[in-house]
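Peer 1: Let's have the full structure, built from the sequences with the hints guiding it.
Per the numbering used here, the very first residue in the sequence shown carries number 123; after that it's consecutive.
With a Cα cut of at most 27 Å, we get these calculated DSSO-like pairs of lysine-lysine:
# : residue 1 : residue 2
1 : K313      : K266
2 : K293      : K246
3 : K323      : K313
Source of the hints: derived by calculation from the structure; they are not laboratory data.
Owing to the predicted nature of the structure, the values given are computational and were not obtained by experimental measurement.
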Amino acid sequence: MDYQLSGKTALITGGATGIGLAIAQRFILEGARVVVSGLHQEELDSALQELGEHSRGMVADLTAQGDPERLVALALEAGPIDFLINNVGIFEVRDFFETDDAQWLHYFNVNVMSGVRMTRLVMKAMLDRGHGSIVFISSESAIKPQPWMVHYGAMKTCLLGISRALAELTKGTAVRVNSILPGPTSTEAVKCYHREIAAQKGITAEQVVQAYFDETEPTSLIRRMIEPQEVASSVLHLAASPALNGMAMRVEGGTIRAIV
Numbered sequence: 123m124d125y126q127l128s129g130k131t132a133l134i135t136g137g138a139t140g141i142g143l144a145i146a147q148r149f150i151l152e153g154a155r156v157v158v159s160g161l162h163q164e165e166l167d168s169a170l171q172e173l174g175e176h177s178r179g180m181v182a183d184l185t186a187q188g189d190p191e192r193l194v195a196l197a198l199e200a201g202p203i204d205f206l207i208n209n210v211g212i213f214e215v216r217d218f219f220e221t222d223d224a225q226w227l228h229y230f231n232v233n234v235m236s237g238v239r240m241t242r243l244v245m246k247a248m249l250d251r252g253h254g255s256i257v258f259i260s261s262e263s264a265i266k267p268q269p270w271m272v273h274y275g276a277m278k279t280c281l282l283g284i285s286r287a288l289a290e291l292t293k294g295t296a297v298r299v300n301s302i303l304p305g306p307t308s309t310e311a312v313k314c315y316h317r318e319i320a321a322q323k324g325i326t327a328e329q330v331v332q333a334y335f336d337e338t339e340p341t342s343l344i345r346r347m348i349e350p351q352e353v354a355s356s357v358l359h360l361a362a363s364p365a366l367n368g369m370a371m372r373v374e375g376g377t378i379r380a381i382v
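Peer 2: Below, the structure written as C-alpha cells:
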C-alpha cells in the first residue's frame, strides 16, 4: 500500500531504540523524512547511521526544560511536521507498595507529560494548516492493567483519555489524533529483562517467554512476543489513514478478551 508519504516529515520521540526506531524505519521506507530523539548520544548516533540520509535527530530529555522546544525546532527545519508519534515512555516492573510519590510523579512526567508537551507544541500548527496526524503509543496495560506495574497501566490509560479528547478538537479538519496499544513486544529492553529472569531462575530466556504466556498472558492468541516491526506497521497505518481518528488500535495478539 502506498501511503504517499514522500516529502512528509515525521517526528518520533524515543525513536533511537525499540519500537520508536522500528517506526522511524517504517516511515522512511514509505518515503518520509524522520526526526528522532534519544536519551543517549551513542544510541542516537547508531540509530541515525542505521536510518540513513533521510533522518535527523538530537539527544533530548522531554522532561527537561527547553528540550521539547529544541526538538520541534529541529524538525521544523525540514518544513511542517506532518506526523507526531509520541513514543517516549518508561516500562518498569515495580512493587506498588515500594513505589513512592516521587517515583509516581517521575513516571507521570515521562509517560504522560512528554506526549502532552510535544502535542501542545505541534498540534496548533496542524490545526491551522488543517492537516496532520498524531499517535500516542499506549499499551495493552491501559485496559488490562497488571498489578506488578500499577503505575505503568495507570499512565497508559491516561494517554487514551488525552488522545480521544484531543481528537475532538480536530472536528472539521484533516487533523487526526489516535492511540495504539501494543502488547508484549520483543524490544531489546524486554529481551534484557527476560535474560535477567532466566539467569535468576537458571533457565533459558526462551523458557521465560513460554512461561510468561502459560502463566501471565494465557489469553494471548498468537502466544509469542510481538516484533517491533509489527507494531511499527500498525502505527504507520493508523497515522497515515485519513479515515482513522479518535480511535485506539490494539496490536496485542489477542491478549485482551474483547471484540472492540
